Amino acid sequence: MSTIQDFSGYNPTWCPGCGDWGIGIAIKQAFVQLGFDPSGVAVVFGIGCSGNMNDFLNAYAIHSLHGRAIPNAIGIKLANHNLPVVAIVGDGDCYGEGGNHLIHACRGNHDITVIVHDNGVYGLTTGQVAPTASKGFKSKSTPSGIIEIPINPLSLAITSGATFVAQAFAGDANGTIALIKEGVNHKGFSLINILQPCVTFNKINTYQYYLQKTYKLPADFEKDNFKLAVEKSLEINEEKFPLGVIYQIKRPTFTDQLPQLEKETLVNKERFVDFDSLIKDFI
Amino acid sequence: MIDFTWKIGGEAGFGIMTTGLVFSKIASRLGYHIFDYIKYPSLIRGGHNSFETRVSDQVVRQLKYNVDLLICLNKETFDQNKKFLLVDSIVVYDSSDFVPEKGSYKTLDIPFKKILEEQKGQVVMKNTIALGATLAILGGEIDELEHIIEEQFGRKGEEVINFNKQFVRKGYDYVKKNYFQLIKPLLTKKTSETKLVLTGNDAFSLGSVVADCRFYCAYPMTPSSSVLTTLASWQKKNNMIVRHGEDEISVINTALGSSFAGVRSAVGTSGGGFALMVEAVSLAGVTETPIVIFLSQRPGPATGMPTWTEQSDLLFTVHAGHGEFPKIVLAPGDVEEMIELTAKAFNLADVYQLPVVVMSDMFLSEGHKSVSKKFVDDFIANYKVNRGKLLKEITNDKLQMTNQVQNSNVKSKNFLRYKITEDGISERLIPGIPGYYFQANSYEHLEDGHTTEEAKPRIDQVDKRNKKWQTYLEKDFSLPKVYGDLEKAETVLVSWGSVKGSIIEAQKTLENTAFIHFNHVYPLDKDKIRKLFSAKKRYILLENNSWGQMGKLLAMETGVEIEEKILKYDGRPIWTEEIIRKLT
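Note that the protein sequences, when read in sequence, are chains A and B.
Residue numbers for the first sequence follow numbering that gives the first Met the number 0, beginning at 0 and rising by one.
Residue numbers for the second sequence follow numbering that gives the first Met the number 0, beginning at 0 and rising by one.
Treat the hints as calculated values from the structure; they're not laboratory data.
For clarity, every value in this text was computed on a predicted model and none was experimentally measured.
Note that CB positions come from ideal geometry on N, CA and C, so glycine has one too.
Certain hints may be false.
[What the hints assert, rightly or not] Here are some of the chain A residues that sit facing chain B, going by a computed Cβ distance under 8 Å: (1) 9; (2) 33; (3) 37; (4) 53; (5) 58; (6) 60; (7) 64; (8) 67; (9) 74; (10) 82; (11) 103; (12) 256; (13) 258; (14) 270.
Produce the entire structure from the sequences given, and follow the hints as far as they go.
As structure tokens, this is what we get:
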């Protein structure tokens, strides 16, 4: 049985009070409760304050490029579909730079868990707007306020084909741990959008803000109802943030549908040697 | 000696390419060597396609200028090709469609349309009639063509097979009956070793399977796309996973993920797609993740001329990626080299833990050449998968590999993925091995993978990565191959990649030439290469681009400068006759 200590690498360098602390502990706690140890899970980190968790969390890991954690994670899953694969990314990382990958990962129902740190700003580059920032948000890159409306990650994922879409709040440790565990246990593509204050660069979406604007979905929420899920996800547009599993359905995963993987993982299968069966087509 | 060119042309979208390949295969099965190349516009319908096969009883490596048998399925074919006709050339046409202008060549009128109407055939079956007629004109038998029809339509049943076969017979009989005097015995069956008819893309596909590549990821882009479709069609047989990703950025990052997880992985694209991949090439460099990149060039910049040929991405490729990290670039000269170097590329990527680019171009990627089946069988039998310092398990004596500076209560150990070594290569562990973990870090890192910004470990890691090049040059680099006698030659031709065929063909006519052909194009061993250029001779650089990029690379890497150049950048390969003309 692993402990939190097994997963603990360097001491984090996040700002005091940053939501990343809560998320970092929740991820380790979820891994412990899932019975993982650092050699039994693959993690891909994006680039940003969230991605800096690479040095604080022990696991087989790639600290990837900005925006590219999802394709790396899909590649690991294709190579070894028995290994749980988690991508730890930021909102700019996953909804901006890597937005296309998110859409297509949803379509493919790749069995990976994407944990997004959603704080509305680019913390590591000192506070420019993220795609999730509210319309009019003033930042160094948008001194007159951002013209674009925010992206809605939940409705985007639901309508793109994700089979597990949840929202958590970094200030709610137990809720976050529970959702990460559910997401990792879910067979298929799971997105967990974690609302997270950036205490340094976002003076609007604070802990107080989220405590007021978030609410927990009731236990009997009908999470396999597509229309209801879309409806719920649209509440974000009115600054109401449901917490919990907003949408979850069963659909075969990408690797479930590859006959090549029926018997063995790709990495462990025997080498193919019947070259004559291919060569004969060229005669 | 038998050496002739058969060419068929017609409207795009009506089976010209399939027909051309069928002819090449028939010629190969009848015991001849072939070389073919297609010309087509970047559209599916409404343009003009042509397919040209040179047939010989000797090895052929390039097309020749003149056409001996021209099958015109439309007037445009004739108009475009009349300049290539000789006195003995034969033009096949249908007088109900058009009548070729009078000239010094022979003509053969076949009522394609009438036969189609009588037999209620579809337009594409004109090609079948043309193939039947071709075999009659060349004095061949129709058995092999009928076999191919049986192979193609086997699943559709006897009725469909017989329906198609009758068009072969109609074309064949029509020539035998009406044009007996034009028949020449050029394609009579002869005994010869079994040959394969392969494009460069086929050869890459085959090479990757031989090398135990298990994951291929690509986004379609001419002229690399047929690797994606060929490997995709083989998946059920060989259990490779082939993924058509959402864009080239995803493509290479997915492949890096699977490679990190221990699977031999490759991607394929052309220049524009490779441009999108470049950031991840740098990621492969710093994380030391093996990857094979198949890059089939076409004329640029930007969208350029998608279905034509050029070698203009050499300097881009050798320099691709921000920051400094080693990579290896190979450029096979023909399909045989494509098989060998593709399979070698996978070993190099694993042994040196870096990106290896295998460069092709439209000309090599989509032209067919005969290859001895024995050559391929022997290569496969002798090829050994070498995964380098990849560990599938850690035995006790490897425990010193792990970082000792950790809490003794912690059960898993941090594997030293980037341990400093003599040869610059560290041991690599397949993720999932119990008891260990490590991170492949895109940031500069310590031996254990953790991020660092300290000066010394930074220098150590840069030096370690750079050292891999030195190790490669000592152990696996191959000098350019010399064709002809370098000592005696007055003129030395210098080139790289797919220009090889044209130059070797030209050497058959030119006297006193030697040819230096680079296929291990980057990095280059300065001292060894300079020795090849020491004598006072006439050196001529030949490249399918406008800058003379291999010349620039040679100058930069070795100090060798070649003043005289033959450069071609009109989208067409350098023809043999052009080389001969320039040098005589």
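Now the hints, each set against the structure:
1. 9: holds (7 Å)
2. 33: It is violated, given that the least Cβ distance between residue 33/A and chain B is near 15 Å, above 8 Å.
3. 37: holds (4 Å)
4. 53: The hint holds - residue 53/A has a Cβ within 8 Å of chain B, the shortest such distance being about 6 Å.
5. 58: For residue 58/A, the interface hint holds, since the closest Cβ of chain B sits about 6 Å away, which is under 8 Å.
6. 60: With a closest approach of 4 Å, the residue 60/A hint holds.
7. 64: holds (5 Å)
8. 67: Interface hint status for residue 67/A: holds (4 Å vs cutoff 8 Å).
9. 74: holds (2 Å)
10. 82: holds (5 Å)
11. 103: holds (4 Å)
12. 256: violated (11 Å)
13. 258: holds (7 Å)
14. 270: holds (5 Å)
In terms of the numbered hints stated before, the structure departs from hints 2 and 12, listed from lowest to highest.
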